[in-house]
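> Sequence:
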Amino acid sequence: MRADPQTLQAHAAFLRTLPPLPISPRAEAYLRSGHEVALEHRGQAIFARRFDAGPRKALLVHGVNGRASQWVKLASRLQAAGITPVLFDAPGHGFTGGEQTDTDLSAEVIQAVVERVAGVDIAIAHSFGNAWLYRALAKGLRVERLVTLCGPARARYIVDQHVQRCRLSPEQAQAFCGLLEARHGTDFWQAYSPAQIARQLETAALIVHDRADSIIQYAQALELRAAFAQAELLSTERLGHFDLLKDDQVIAAILAFVDGAPASDVARPDAAAPG
0 MRADPQTLQA HAAFLRTLPP LPISPRAEAY LRSGHEVALE HRGQAIFARR FDAGPRKALL
60 VHGVNGRASQ WVKLASRLQA AGITPVLFDA PGHGFTGGEQ TDTDLSAEVI QAVVERVAGV
120 DIAIAHSFGN AWLYRALAKG LRVERLVTLC GPARARYIVD QHVQRCRLSP EQAQAFCGLL
180 EARHGTDFWQ AYSPAQIARQ LETAALIVHD RADSIIQYAQ ALELRAAFAQ AELLSTERLG
240 HFDLLKDDQV IAAILAFVDG APASDVARPD AAAPG
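Number 128 in numbering that gives the first Met the number 0 belongs to position 129 of the sequence shown; there are no gaps in the numbering.
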């Protein structure tokens, strides 16, 4: 099926990123204080920083249209706990710059950053950045502990959301999906779905999701948890899609989990319910 101009525009928009989020002077000062991880990928300089604190390292992956500065509070807490955080801005984001990215490109950058810092023990991702991280895991990245914040379970969910935003007709949606399959392969729906990838992982995982998340529905977290051999779900209330990144109780649960506590010990139903 041939794609009409509106469908082609929707496909271009699927790859295009928004202008970088504003960054506070304090957050920028923190990021600039880290050790530069010198990296160039596909001819583009990647902004990446390492904050030395101990031998264990944690990679923090922001979401689509996010940036590394969103992790400053959690990164500083990891440092205080003796864990070295590694932060980066994906192509099309933050200080890395550019106007577009896709799952494969960002997954390649994740792998390149991890290789440059000689491996990481922990990976933490937010929102659609989980699609990038899980793709890297499918490509061979290995970690001991995995934390998914507000992530999707299925590629179909990601695509359906975009189709709705672009107001494509059923025929246009079918053509749009054909463009994705032409770019990524006909196995796109399985190969790029975090839940499908999770079924092949032996990594201990903590999934954190707000019940009222308006960006990625809570049902996605339930589906993702069911796909793991060993994972627990920490459900939050009234934190939405972004506030849990800086919520003290959520951060405490993440720190306990990456320190070795069983996921079931930190994923109590009331663990992150505001008082």
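These are computed hints drawn from the structure, not numbers from a lab. From the three backbone atoms N, C-alpha and C, an ideal C-beta is built for every residue, glycine too. Wrong hints could be hidden among the right ones.
To be verified - Ranges of calculated distance between the beta carbons of each label pair, as one might list FRET restraints:
#1 SER213 to ARG155: 15 to 25 Å
#2 ASP159 to GLN199: 18 to 28 Å
#3 ASP242 to LEU7: 34 to 44 Å
#4 GLY259 to PRO169: 20 to 30 Å
#5 GLN43 to GLN8: 21 to 31 Å
#6 GLY177 to ALA218: 21 to 31 Å
#7 GLN5 to ALA117: 41 to 51 Å
#8 GLN173 to ALA80: 20 to 30 Å
> Taking the CB of GLN5 and the CB of ALA117, does the distance hold inside 41 to 51 Å?
47 Å, holds
> Can you let me know if the beta-carbon spacing of SER213 and ARG155 is within 15 to 25 Å?
Distance hint for SER213, ARG155 holds at roughly 19 Å.
> Using the beta carbons of GLY259 and PRO169, state whether their distance is inside 20 to 30 Å or not.
With Cβ atoms ~49 Å apart, the hint is violated.
> Taking 21 to 31 Å as the stated bounds, is the beta-carbon spacing between GLN43 and GLN8 within them?
24 Å, holds
> For the range 21 to 31 Å, tell me whether the beta carbons of GLY177 and ALA218 fit it or not.
Once the Cβ atoms are compared, 27 Å apart, the range 21 to 31 Å for ALA218 and GLY177 holds.
> Can you tell me whether the CB distance of GLN173 to ALA80 sits inside 20 to 30 Å?
49 Å, violated
> For the range 18 to 28 Å, tell me whether the beta carbons of ASP159 and GLN199 fit it or not.
24 Å, holds
> Regarding ASP242 and LEU7, is the given constraint of 34 to 44 Å on their beta-carbon distance met?
At 36 Å between Cβs, range holds.
Figure legend: structure checked against the earlier numbered hints; hints not met, in rising order: 4 and 8.
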